[in-house]
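Protein chains: 2
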Amino acid sequence: MDEVFETRSKLELAEKRVTIPVDEIVSLVSGIFENIGCSTEISRQVAEHLADASLCGMESHGLMRCLQYADQFASGYMRPDVEPELKISERGATIVDGKGGIGIPAMHLAIDEACRVAGKQGVSAIAISNVGHTGRLGAFTEAAAERGFLCICFGGGGREKWRQVAPYGGRQAMLPTNPYSIAVPGGERGPMMFDFATSKIAGGWIYAARSAGARLPDNVLMDAEGNVTRDPEDYFLGGAIMPSGGHKGYALALAAEIVAEALLGPTETEGGWLLLTVDCGRYREASAMQRDAEEILDELRNCPPAPGFDRVEIPGEREREHRMMTKDNGIALPQKTWRQIEVLSQRLEAARSAG
Amino acid sequence: MDEVFETRSKLELAEKRVTIPVDEIVSLVSGIFENIGCSTEISRQVAEHLADASLCGMESHGLMRCLQYADQFASGYMRPDVEPELKISERGATIVDGKGGIGIPAMHLAIDEACRVAGKQGVSAIAISNVGHTGRLGAFTEAAAERGFLCICFGGGGREKWRQVAPYGGRQAMLPTNPYSIAVPGGERGPMMFDFATSKIAGGWIYAARSAGARLPDNVLMDAEGNVTRDPEDYFLGGAIMPSGGHKGYALALAAEIVAEALLGPTETEGGWLLLTVDCGRYREASAMQRDAEEILDELRNCPPAPGFDRVEIPGEREREHRMMTKDNGIALPQKTWRQIEVLSQRLEAARSAG
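Chains A and B, in that order, are what the protein sequence lines are.
Going by numbering that gives the first Met the number 0, the first sequence opens with residue 0, and the numbers climb by one from there.
Going by numbering that gives the first Met the number 0, the second sequence opens with residue 0, and the numbers climb by one from there.
Hints listed in this document are in silico derivations from the structure and should not be mistaken for laboratory results.
Take the hints with a grain of salt, since some may be wrong.
Identical chains share a label here; the pair holds if one copy fits it or two copies do between them.
To be verified - Mimicking EDC-like on lysine to aspartate or glutamate, the simulated pairs with C-alpha atoms at most 20 Å apart in a straight line are:
1. K160 with E293
2. K326 with E267
3. K86 with E284
4. K160 with E294
5. K119 with E284
6. K160 with D70
7. K160 with E298
With these hints in hand, go ahead and build the complete structure from the sequences.
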C-alpha cells in the first residue's frame, strides 16, 4: 500500500550521510554551474532550487541532480549559455522558450508571468517548451499558491526518449511518467500541494533499487511478458512500470503526452509543460477561503489512522515540515553524493584555472 | 487489476434487458421532467444527456438517473422551475449559477461560455455552483474538445453529505468521490477524454453490489477498523472506499474539495465545479495537432496487451464505439429500470390530467 515511501526509506538506509550547511552547498553548486557556463543568476537559482528540494526531503529532485545536469551540459543535451525567453507565438499563445537550457529558470519566469496575467484577467495559460529538467514541479505551483493562485502544471512528453510506463491493459513501456502538480491556497499552514508521477513509481526508484540490490514493492513493475515482478532487472529486459490507479494514471499520462507533444509540438530538448493559473481572489476573499480550507484540512488531520499509518497527512505539509526541521542544521547528503559533488566542483575549478 | 470493469459486467448480468428506440425514450423521459415542472428545453436537454450516457455504455450515469432526479425534485433537494444564469461576481469571477436546479443545463451553458471566452483570450475559467447532479462530466469536456479546446473539469465537494472515501493513511470516510475529467482534441477518431472518480470505485458500485448480493473487488473497500474487505455491507457499518492510487487519488480529491468548498464557497445544493478551457488553436493548427496526436494514439492501440486484456484502449473511445454500435438499435435498459421509468411517467401523466 505504502509503496513509494517504502522505497524511499530503503534508499535512505543505504549509506551514511554528511551534513553540509545550506549556504556552503548552495555556493558550491552555484559555482559548478557558473564554471559550466551558466549566468550567475541562473546558477544561483538552480542551486537554491535543488537545495530546497533536498531540504524538503525530496531527495530524488535534490542536490544530486547537479551531477546529472553537469553531464547533460557536457554532452550537449542541455545548453548552459542561454536565458529563457517569454514570447507570444504567431498564433497568440504565451510561451516560455527555454532555448534548450535547464528548465528551472524557465519555470520561474513562467510562474511570474502566469500570476501577472491571471491577476489581470482571472486566469492564464502558459506553455513552457525547449527545456531540460524542470526540477521539482511542486515548488513552482506552490509558489503561485502562496501568492493566492490555484496553479496546475502538467506535461512531460518525449516518449521516444522516455518509454518507461505501460499503458493500462498493455505490457510494453510506451509512455513517460508524465507528472501532474496542483497547488491551491489552503489553511493556516500554507498551500495544499501535490506533485506526482502518473506511474506507480517514478523511474528513479528502479535505478535506486538496482543500485541498492533491492527488490521493488509488489505490483508496480511488470516484466516483458506483462507479469508482475519485483526484480528491477526485469525493467531493463523489456519490462515496464505500471500506471498508477490503472486506467486513471494511464489517462492522466496520455493527456499530458498529447499536450506536451501534439498541442505544443516538437521541441529541441525534452518535452513541454502547460501551466494553468487561476486568481482565487476573484472568487472569494483570501481569509474566507483560508477559513473554509482550514476546516477541511483540520478534519483530515484528525482522521483516525488506518492500520500501519501514524496519521493522515495533508499533501505538501511533509515537505514544509522537513524544510523547517532541517534548514538550520544543513543538508544531509549521502556521503557518496557529497564526494561526487566535491570532485565535480574541484575538476571544474581546475579546468577554469588552467583555461 | 481490472476492478471497475469486473463490477460493471456483474451489473450487466444481473437481469434481462429490454431495448427501447432512442426517440421513444428521450420523448418519454423528457415528458417526465416537463410534468415535474422543468422547461421544455431543459427537459429535452436532460433526457438527451441521459440517453447519450446510456448509449455510451455509461449505465451509472444513464437513464436510470431520471428516477433519482425525480425523487430529488419531489423532496425539494433540487428545483425544477429554474434556469441556470451566467453572471460575473462582484469580485470578477465568471460563474454559472444553477439556482439549485439540475446541473446538466448549467454545464451546457458553462461549456458554451468557456469556449467563447477561451476563443477570445486563449483560456477561460468558469465556476459552476448551486447545481444538483451534473450528469456525465466527460460529455461536457468532450464537447469542448470537439470544438478545438483542451478542457479540464473537476470539483464535487459537499463532503458533509457525501462522506464516502477515506483519506490516504486514514480509516474513516471523509471525502466525496470528487471526479476529474480532461478532454483534449486527439487523433482521427475524436478527442481523448477521461472522466473518473478519485476513489478506487464510484459509490454507486457499492449499492449495486449490495443489491446484487455480490462481493466487491479486492482492495477497494475498508471496514470501520481500516481492514480491507470485499463485503459491501461493511461500507454501511462505518467503512470507507479507498482512494485510487493511494496518496495520489487522495491529493486529487482534496484539491477538488478545496476548490468546491473553500474557493467557490458555500452552495445551496451540491458542491461546485471549476472548468478550465484552453484554445488549442493558439498553439498549433488543428491538422498538425491531430497528426501528432494520432501518432501517439496509434502507437498505444498497437501495444501488445498484458495478460488478461484484449487490447489497449484510448480513453473516450469505448464510449464512442458503444454509441456507434447501439444508437440505431435503441437503448437496452434493465427490465426493472424500464418498468420503474414507465410507472413514474404514468403516475406523473395521471397527476397532470387530474390537476
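Status of each hint after checking the structure:
1. K160 with E293: between (42 Å within a copy, 18 Å between copies)
2. K326 with E267: Result: close neither inside a copy nor across copies, 37 Å intra and 45 Å inter.
3. K86 with E284: Classified as between: cross-chain Cα gap 18 Å, same-chain 32 Å, threshold 20 Å.
4. K160 with E294: between (44 Å within a copy, 15 Å between copies)
5. K119 with E284: within (16 Å within a copy, 27 Å between copies)
6. K160 with D70: within (17 Å within a copy, 54 Å between copies)
7. K160 with E298: between (43 Å within a copy, 15 Å between copies)
Violated hint for the displayed structure: number 2, the only one.
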